[in-house]
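Trainee: So the sequence lines, in the order shown, correspond to chains A and B.
Numbering of the first sequence is given in the numbering used here, commencing with residue 1 and proceeding in unit increments.
Numbering of the second sequence is given in the numbering used here, commencing with residue 63 and proceeding in unit increments.
For the record, the hints were derived by calculation from the structure and aren't laboratory data.
Wrong hints could be hidden among the right ones.
[To be verified] To give a feel for the contact side, a few chain A residues facing chain B, derived at Cβ under 8 Å:
| # | residue |
| --- | --- |
| 1 | Thr34 |
| 2 | Thr42 |
| 3 | Gly48 |
| 4 | Val53 |
| 5 | Val56 |
[Claimed, not checked] Result set (BS3-like, lysine-lysine): computed pairs, CA atoms no more than 27 Å apart in a straight line:
| # | chain 1 | residue 1 | chain 2 | residue 2 |
| --- | --- | --- | --- | --- |
| 6 | A | Lys39 | B | Lys125 |
| 7 | A | Lys39 | B | Lys89 |
| 8 | B | Lys261 | A | Lys23 |
| 9 | B | Lys307 | B | Lys288 |
| 10 | A | Lys23 | B | Lys307 |
| 11 | A | Lys23 | B | Lys142 |
| 12 | B | Lys71 | A | Lys23 |
| 13 | A | Lys39 | B | Lys71 |
| 14 | B | Lys176 | A | Lys39 |
Positions of the beta carbon are idealized from the N, C-alpha and C atoms, including for glycine.
One-letter residues, chain by chain:
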Amino acid sequence: MSRLLLILLLSTAAWAAPGAELKPGSAIPTPTATDQFGKPQTFDSLKGPNGLVLVVFRSADW
Amino acid sequence: MQQAEARFKEHGLGLAGLSYDSPEVLKTFSQRKGIRFPLLADPESSYLKQLGLMNDQAKGFTKGVAHPGVLWLDSSGRLKEKFFEESYRDRLTANTLLGRLFPELIMGEARPVKAESGLNYRLRQSDQEVIMGSLFEVAVEFDIPSGAHLYGPGAGSYQAVKLELEDHPWLEVGAVELPRPHLERLEAIQETVPVYTQKLRLRVPVLVKSSKEVAGLQESRPLTLKGRLSYQMCTATTCLLPQQKSVSWSLKVVPLDRVRASDR
């Protein structure tokens, strides 16, 4: 009984999973940013023939 | 990740990091870690906000920080896959990630074992070194000689392929992933049984648990994950005895790097 209650509570939580709006198959905003070498980068400068893997991390500083 | 960059390149994938750090902080970090692939600076979190990946709850010096994860974009900028673990402590290792992006490929080291009557198997692991929170993978890969088969679950009195891993206080061992066997009619015994032929790969995801002990490591520690592999090999007419083999994988748990780039 308490397990059912827990499931109900979790499903009604206001918290949404990170990146919930990013749907596989759809176009997403592509990056335009300066890298650690001061070089401006865009999706075209970063991608390979099969695309780009973007590793989003919290911080290099903690 | 830097070692994995060569592998990403082999598969035609660009690789870049992204965080809310400034280019200067990222520069110090990349020099210290020997990272040569681009680390994109998003100090206003503007790109992170566009992606919906900025953590709204973060306050103080962490304000604007990202939810960590991985995005895989195809060459036209469409999203192919995303991996955002619910717990920030669970980090896919680069090799495990590649294994999931390209399931036909397993990255990492493998140790071959010669078994009986032409059967061979390899013990593979996605990583040699892991840190707290890493999600890595171990695997057993069989090369089954032609004319022979191993059994899948539900094979009655035959010993189905089974991998049982021992507990380790630092690890959380996930469920063994076994492919679906195919059904074969064995005329000699007039039975239809679930079997595996030619190649068989069992995979197990393993998590390096968060614990005070692992968090407090000052230097690398070796770790051995042990298990027992059971199987029985038969041909259309004869069976070998069921087998049980001890298997193990050795890794190193490396301390978390806690030195702040801005303290250097």
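Trainee: Let me make sure I understand: some of the numbered hints might not hold for this structure. Which ones are they, in numerical order?
Mentor: 2, 8, 10, 14
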